[in-house]
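Trainee: Sequence:
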Amino acid sequence: MNTVDRAKNALWKKSGLAHDPKGYVEDARRNLVTGVTTEMIQTDYCEGSGQEWLAKIRAIHSSAALTANTFGRWKTDPAKINILGFSGFFSLKLEAKCKTGLGGTPPNLDVLLQSSKVVIGIESKLLEPLKRTKPLFSPSYVRDRLPLCEESWWNLLEQLRYWPPAHLDAAQLVKHYLGLRKQFSYNKKVFLLYLFWKPLNATSIAEYLQHAKEIEKVRKALPDNGSIQFIAMDYLQLWEAWSEDSVMKEHASLLRQRYSVEI
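178 is the number of the first residue of the sequence shown in the working numbering; add one for each residue after it.
Simulated from the structure, these hints should not be mistaken for lab results.
Note that this is a predicted model, so its numbers are computed, not measured.
Every clue listed holds true.
Result set (SDA-like, lysine to any residue): computed pairs, CA atoms no more than 20 Å apart in a straight line: (1) 233 with 435; (2) 276 with 316; (3) 252 with 415; (4) 276 with 365; (5) 397 with 335; (6) 365 with 404; (7) 311 with 331; (8) 359 with 324; (9) 390 with 312; (10) 294 with 256.
Can you build the whole structure from these sequences, using the hints too?
Mentor: See the structure below:
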(Lines of atoms letter the chains of each structure in order from A and count residues from 1; the text may use other names and numbers.)
(Lines give C-alpha, C1' and ligand atoms only; values in the text may rest on other atoms or scores of the structure.)
Protein backbone atom coordinates (compact mmCIF):
# COMPACT_ATOMS: atom_id res chain seq x y z
CA MET A 1 0.00 0.00 0.00
CA ASN A 2 1.46 3.38 -1.00
CA THR A 3 1.57 6.47 1.20
CA VAL A 4 -1.52 8.06 -0.36
CA ASP A 5 -3.61 4.96 0.28
CA ARG A 6 -2.32 4.67 3.84
CA ALA A 7 -3.28 8.28 4.47
CA LYS A 8 -6.74 7.82 2.97
CA ASN A 9 -7.40 4.72 5.05
CA ALA A 10 -6.26 6.44 8.24
CA LEU A 11 -8.50 9.45 7.58
CA TRP A 12 -11.48 7.28 6.67
CA LYS A 13 -11.10 5.27 9.87
CA LYS A 14 -10.59 8.33 12.09
CA SER A 15 -13.72 10.01 10.71
CA GLY A 16 -15.97 7.16 11.87
CA LEU A 17 -18.23 7.88 8.89
CA ALA A 18 -19.91 5.31 6.67
CA HIS A 19 -18.47 5.64 3.17
CA ASP A 20 -18.22 3.90 -0.17
CA PRO A 21 -15.04 2.05 -1.28
CA LYS A 22 -13.58 5.32 -2.60
CA GLY A 23 -14.05 7.23 0.67
CA TYR A 24 -17.17 9.20 -0.26
CA VAL A 25 -20.06 9.70 2.16
CA GLU A 26 -23.59 9.60 0.78
CA ASP A 27 -24.60 13.01 2.15
CA ALA A 28 -22.12 15.91 2.13
CA ARG A 29 -23.58 17.21 5.37
CA ARG A 30 -22.21 14.15 7.18
CA ASN A 31 -18.68 15.12 6.17
CA LEU A 32 -18.82 18.53 7.86
CA VAL A 33 -17.81 19.02 11.48
CA THR A 34 -20.13 20.50 14.08
CA GLY A 35 -20.69 24.20 13.46
CA VAL A 36 -20.31 24.01 9.66
CA THR A 37 -23.30 23.63 7.34
CA THR A 38 -23.61 23.30 3.57
CA GLU A 39 -25.62 26.54 3.58
CA MET A 40 -22.58 28.42 4.93
CA ILE A 41 -20.28 27.32 2.12
CA GLN A 42 -22.53 26.53 -0.84
CA THR A 43 -22.50 29.95 -2.52
CA ASP A 44 -18.71 30.26 -2.51
CA TYR A 45 -18.10 26.74 -3.79
CA CYS A 46 -20.73 27.01 -6.52
CA GLU A 47 -19.13 30.23 -7.77
CA GLY A 48 -15.65 28.75 -7.65
CA SER A 49 -16.13 25.18 -8.83
CA GLY A 50 -19.64 24.94 -10.24
CA GLN A 51 -21.78 21.94 -9.42
CA GLU A 52 -18.75 19.74 -8.75
CA TRP A 53 -18.49 21.16 -5.24
CA LEU A 54 -20.82 18.64 -3.61
CA ALA A 55 -18.84 15.71 -4.98
CA LYS A 56 -15.62 17.20 -3.60
CA ILE A 57 -17.12 17.85 -0.18
CA ARG A 58 -18.38 14.26 0.02
CA ALA A 59 -14.86 12.79 -0.01
CA ILE A 60 -13.51 12.27 3.51
CA HIS A 61 -9.96 12.79 2.21
CA SER A 62 -10.87 15.89 0.18
CA SER A 63 -8.83 19.07 0.60
CA ALA A 64 -12.02 21.02 -0.19
CA ALA A 65 -13.73 19.35 2.78
CA LEU A 66 -10.74 20.08 5.02
CA THR A 67 -10.85 23.75 4.00
CA ALA A 68 -14.62 23.93 4.49
CA ASN A 69 -14.38 22.27 7.90
CA THR A 70 -11.56 24.58 9.00
CA PHE A 71 -12.85 27.92 7.73
CA GLY A 72 -16.54 27.47 6.91
CA ARG A 73 -17.62 28.05 10.49
CA TRP A 74 -16.35 31.64 10.29
CA LYS A 75 -18.10 32.56 7.03
CA THR A 76 -20.91 34.28 8.92
CA ASP A 77 -18.62 35.90 11.51
CA PRO A 78 -15.13 36.34 10.01
CA ALA A 79 -14.16 38.98 12.59
CA LYS A 80 -13.68 36.22 15.18
CA ILE A 81 -11.16 34.13 13.28
CA ASN A 82 -7.54 34.53 14.37
CA ILE A 83 -4.79 33.59 11.94
CA LEU A 84 -1.14 34.64 11.70
CA GLY A 85 -1.84 36.83 14.71
CA PHE A 86 -4.53 38.83 12.90
CA SER A 87 -8.28 39.07 13.50
CA GLY A 88 -11.08 41.54 12.82
CA PHE A 89 -11.66 40.40 9.24
CA PHE A 90 -14.73 41.72 7.42
CA SER A 91 -14.66 39.13 4.63
CA LEU A 92 -13.92 35.41 4.34
CA LYS A 93 -14.24 34.00 0.83
CA LEU A 94 -13.81 30.35 -0.14
CA GLU A 95 -12.62 29.51 -3.67
CA ALA A 96 -11.69 33.13 -4.34
CA LYS A 97 -10.67 34.26 -7.81
CA CYS A 98 -7.68 36.60 -8.05
CA LYS A 99 -6.92 37.26 -11.69
CA THR A 100 -3.32 37.68 -12.78
CA GLY A 101 -4.12 39.94 -15.73
CA LEU A 102 -2.86 37.37 -18.23
CA GLY A 103 -6.22 35.94 -19.21
CA GLY A 104 -7.10 32.29 -18.95
CA THR A 105 -8.36 30.68 -15.77
CA PRO A 106 -6.31 31.53 -12.67
CA PRO A 107 -6.16 28.99 -9.85
CA ASN A 108 -8.67 29.72 -7.10
CA LEU A 109 -7.34 30.63 -3.69
CA ASP A 110 -8.90 28.23 -1.21
CA VAL A 111 -9.50 31.06 1.26
CA LEU A 112 -9.24 34.84 1.01
CA LEU A 113 -9.46 36.88 4.22
CA GLN A 114 -9.67 40.67 4.25
CA SER A 115 -9.62 43.25 7.01
CA SER A 116 -9.04 46.99 6.88
CA LYS A 117 -5.30 46.40 7.25
CA VAL A 118 -4.54 42.85 6.10
CA VAL A 119 -5.19 40.49 3.21
CA ILE A 120 -4.43 36.78 3.63
CA GLY A 121 -4.69 34.41 0.68
CA ILE A 122 -4.56 30.74 1.62
CA GLU A 123 -3.67 27.74 -0.50
CA SER A 124 -4.76 24.62 1.41
CA LYS A 125 -3.57 21.07 0.77
CA LEU A 126 -4.50 17.68 2.17
CA LEU A 127 -3.06 14.70 0.27
CA GLU A 128 -1.80 16.60 -2.79
CA PRO A 129 1.80 16.94 -1.49
CA LEU A 130 2.14 13.15 -1.53
CA LYS A 131 2.16 13.29 -5.32
CA ARG A 132 4.60 15.08 -7.60
CA THR A 133 3.56 17.94 -9.89
CA LYS A 134 5.60 19.38 -12.76
CA PRO A 135 5.76 23.21 -12.62
CA LEU A 136 4.06 24.60 -15.72
CA PHE A 137 3.54 28.13 -17.02
CA SER A 138 1.79 29.03 -20.25
CA PRO A 139 3.67 31.10 -22.89
CA SER A 140 1.82 34.20 -21.63
CA TYR A 141 4.03 34.29 -18.52
CA VAL A 142 6.65 36.69 -19.87
CA ARG A 143 8.35 39.53 -18.01
CA ASP A 144 6.90 42.48 -19.92
CA ARG A 145 3.34 41.28 -19.33
CA LEU A 146 3.85 41.14 -15.56
CA PRO A 147 4.94 44.66 -14.62
CA LEU A 148 3.90 44.27 -10.97
CA CYS A 149 5.89 41.08 -10.44
CA GLU A 150 8.80 41.70 -8.08
CA GLU A 151 12.25 40.53 -9.10
CA SER A 152 12.50 37.78 -6.49
CA TRP A 153 9.22 36.21 -7.58
CA TRP A 154 10.14 36.53 -11.26
CA ASN A 155 13.47 34.82 -10.60
CA LEU A 156 11.62 32.04 -8.79
CA LEU A 157 9.24 31.65 -11.73
CA GLU A 158 12.19 31.34 -14.11
CA GLN A 159 13.86 28.75 -11.87
CA LEU A 160 10.66 26.71 -11.66
CA ARG A 161 10.59 26.26 -15.42
CA TYR A 162 13.52 23.87 -14.91
CA TRP A 163 12.32 22.13 -11.75
CA PRO A 164 11.57 18.43 -11.94
CA PRO A 165 8.17 17.21 -10.69
CA ALA A 166 7.95 18.12 -7.01
CA HIS A 167 5.74 17.52 -3.97
CA LEU A 168 5.32 21.29 -3.59
CA ASP A 169 3.28 22.86 -6.38
CA ALA A 170 5.38 26.02 -6.39
CA ALA A 171 4.09 27.17 -9.79
CA GLN A 172 0.61 27.43 -8.30
CA LEU A 173 1.99 29.57 -5.48
CA VAL A 174 3.61 31.94 -7.98
CA LYS A 175 0.29 32.28 -9.81
CA HIS A 176 -1.44 33.05 -6.51
CA TYR A 177 1.20 35.68 -5.79
CA LEU A 178 0.59 37.29 -9.17
CA GLY A 179 -3.16 37.35 -8.54
CA LEU A 180 -2.78 38.89 -5.09
CA ARG A 181 -0.27 41.41 -6.42
CA LYS A 182 -2.63 42.42 -9.20
CA GLN A 183 -5.72 42.70 -6.99
CA PHE A 184 -4.22 44.12 -3.79
CA SER A 185 -1.29 46.34 -4.76
CA TYR A 186 -2.30 49.08 -2.35
CA ASN A 187 -1.54 49.99 1.24
CA LYS A 188 -2.31 46.74 3.06
CA LYS A 189 -0.20 43.94 4.43
CA VAL A 190 -0.64 40.97 2.11
CA PHE A 191 0.25 37.38 2.97
CA LEU A 192 0.26 34.22 0.89
CA LEU A 193 -0.18 31.34 3.32
CA TYR A 194 0.59 27.81 2.18
CA LEU A 195 -1.36 25.67 4.65
CA PHE A 196 -0.87 21.92 4.40
CA TRP A 197 -2.01 18.81 6.23
CA LYS A 198 0.50 16.27 7.44
CA PRO A 199 0.21 13.19 9.64
CA LEU A 200 1.57 13.03 13.16
CA ASN A 201 4.47 10.84 12.00
CA ALA A 202 5.43 13.00 8.99
CA THR A 203 9.09 13.15 10.04
CA SER A 204 9.43 9.44 9.23
CA ILE A 205 7.85 9.67 5.76
CA ALA A 206 10.06 10.39 2.74
CA GLU A 207 7.47 12.39 0.81
CA TYR A 208 6.99 14.87 3.65
CA LEU A 209 10.72 15.24 4.22
CA GLN A 210 11.20 16.12 0.55
CA HIS A 211 8.17 18.45 0.66
CA ALA A 212 9.76 20.30 3.58
CA LYS A 213 13.00 20.75 1.62
CA GLU A 214 11.10 22.17 -1.33
CA ILE A 215 9.23 24.63 0.90
CA GLU A 216 12.52 25.80 2.37
CA LYS A 217 13.99 26.25 -1.11
CA VAL A 218 11.09 28.52 -2.08
CA ARG A 219 11.21 30.36 1.23
CA LYS A 220 14.90 31.15 0.79
CA ALA A 221 14.25 32.55 -2.69
CA LEU A 222 11.82 35.15 -1.37
CA PRO A 223 12.69 38.16 0.81
CA ASP A 224 10.76 38.99 3.97
CA ASN A 225 10.37 42.63 2.89
CA GLY A 226 8.49 42.03 -0.35
CA SER A 227 5.01 43.38 -0.99
CA ILE A 228 3.55 39.92 -0.33
CA GLN A 229 4.98 37.73 2.41
CA PHE A 230 5.05 34.00 1.80
CA ILE A 231 4.41 31.82 4.85
CA ALA A 232 4.20 28.04 5.05
CA MET A 233 2.39 26.39 7.96
CA ASP A 234 0.99 22.94 8.56
CA TYR A 235 -2.45 22.30 10.00
CA LEU A 236 -0.98 20.84 13.19
CA GLN A 237 0.65 24.22 13.86
CA LEU A 238 -2.59 26.05 13.10
CA TRP A 239 -4.61 23.87 15.47
CA GLU A 240 -1.98 24.28 18.17
CA ALA A 241 -2.22 28.06 17.86
CA TRP A 242 -6.01 27.95 17.87
CA SER A 243 -6.04 25.74 20.97
CA GLU A 244 -4.54 28.69 22.88
CA ASP A 245 -7.32 31.04 21.72
CA SER A 246 -10.50 31.14 23.80
CA VAL A 247 -12.68 31.63 20.71
CA MET A 248 -10.95 29.12 18.46
CA LYS A 249 -10.03 26.27 20.81
CA GLU A 250 -13.34 24.36 20.62
CA HIS A 251 -13.19 24.31 16.84
CA ALA A 252 -9.51 23.34 16.92
CA SER A 253 -10.41 20.36 19.10
CA LEU A 254 -13.02 19.17 16.58
CA LEU A 255 -10.50 19.42 13.74
CA ARG A 256 -7.85 17.53 15.68
CA GLN A 257 -10.32 14.78 16.51
CA ARG A 258 -11.13 14.46 12.83
CA TYR A 259 -7.80 14.90 11.05
CA SER A 260 -4.93 14.12 13.46
CA VAL A 261 -3.68 10.66 12.48
CA GLU A 262 -0.55 8.61 11.95
CA ILE A 263 -0.16 6.74 8.68
